[in-house]
Amino acid sequence: EVQLVESGGGLVQPGGSLRLSCTASGFTLSDHHIDWVRQTPGKGLEWVARSRNKARSYTTEYAASVKGRFTISRHDSESSLYLQMNSLKTEDTAVYYCARYNSNFYIEYWGQGTLVTVSS
Amino acid sequence: IQLTQSPSSLSASVGDRVTITCRASQGISSSLAWYQQKPGKAPKLLIYSASTLQTGVPSRFGGSGSGTDFTLTISSLQPEDFATYFCLQCYTYPLTFGGGTKVEIK
Numbered sequence: 001e002v003q004l005v006e007s008g009g010g011l012v013q014p015g016g017s018l019r020l021s022c023t024a025s026g027f028t029l030s031d032h033h034i035d036w037v038r039q040t041p042g043k044g045l046e047w048v049a050r051s052r053n054k055a056r057s058y059t060t061e062y063a064a065s066v067k068g069r070f071t072i073s074r075h076d077s078e079s080s081l082y083l084q085m086n087s088l089k090t091e092d093t094a095v096y097y098c099a100r101y102n103s104n105f106y107i108e109y110w111g112q113g114t115l116v117t118v119s120s
Numbered sequence: 001i002q003l004t005q006s007p008s009s010l011s012a013s014v015g016d017r018v019t020i021t022c023r024a025s026q027g028i029s030s031s032l033a034w035y036q037q038k039p040g041k042a043p044k045l046l047i048y049s050a051s052t053l054q055t056g057v058p059s060r061f062g063g064s065g066s067g068t069d070f071t072l073t074i075s076s077l078q079p080e081d082f083a084t085y086f087c088l089q090c091y092t093y094p095l096t097f098g099g100g101t102k103v104e105i106k
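In the order they appear, the protein sequences are chains V and G. At position 101 of the first sequence the residue is numbered 101 (the working numbering), and the sequence of numbers has no breaks. At position 6 of the second sequence the residue is numbered 6 (the working numbering), and the sequence of numbers has no breaks.
The hints are all genuine.
Covered stretches of chain G, going by a simulated chain V footprint (3 or more residues, C-beta under 8 Å): (1) 45–57; (2) 79–91.
Restricting the straight-line Cα-Cα distance to at most 27 Å, the calculated cross-link-like pairs of lysine-lysine (BS3-like) are: (3) K106/G <-> K41/G; (4) K44/G <-> K106/G; (5) K41/G <-> K89/V; (6) K41/G <-> K43/V; (7) K106/G <-> K38/G; (8) K43/V <-> K67/V; (9) K43/V <-> K102/G; (10) K67/V <-> K54/V; (11) K43/V <-> K38/G; (12) K102/G <-> K38/G; (13) K44/G <-> K43/V.
FYI, nobody ran anything at the bench for these hints, they're computed from the structure. Even for Gly, the Cβ is constructed at its ideal location relative to N, Cα and C.
Isolated chain V (complex conformation) (with noise of 0.2 Å):
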């Protein structure tokens, strides 16, 4: 079975940082690229950041919206992503999901979301 679980997220400053871990199971991790993508009340879902996989060399795409201040790796080894997150700012506020992307131009399937809130 299919299974990304994240973690990490909580209560942080602005201008702090904060990693997001995402766990794999039940497939090969660097067979898959993995996207993450975040959810608020007022924004809706938001794609943030890719990480393609091992035979796309890892490469990565992020957002507009927090390009230079977000930063998406990877331990294969571990089945293990993270998504390092800077300078945030309260805009950054939302529910964090993983997810892994079907190479026919959908993503399959979503972990259970971290909740990240960015306030003083």
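Following the hints, position chain G against chain V.
Below, chain G alone, put in the same frame as chain V:
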């Protein structure tokens, strides 16, 4: 690419036929998926490639469209279908979502 989803909410009764539309600001071929989300839960994939039913999803759900105009249809609404529905385009970066349609009990 912007996805405009309509309506943003609707009220319907059990057994009703429900139609939700998603319009893309430019052509996205068939690279559109539909999701159902219930409060406090992750989105659940219903339809991919605009019209392909995900394994395990009831056949009352159907998708159609290509290019810029897409439709999600629930042929006979069931009690467990009251939820919020989203579309997602994966044609190009950045991936974008529709604003969602909340389906409520009439």
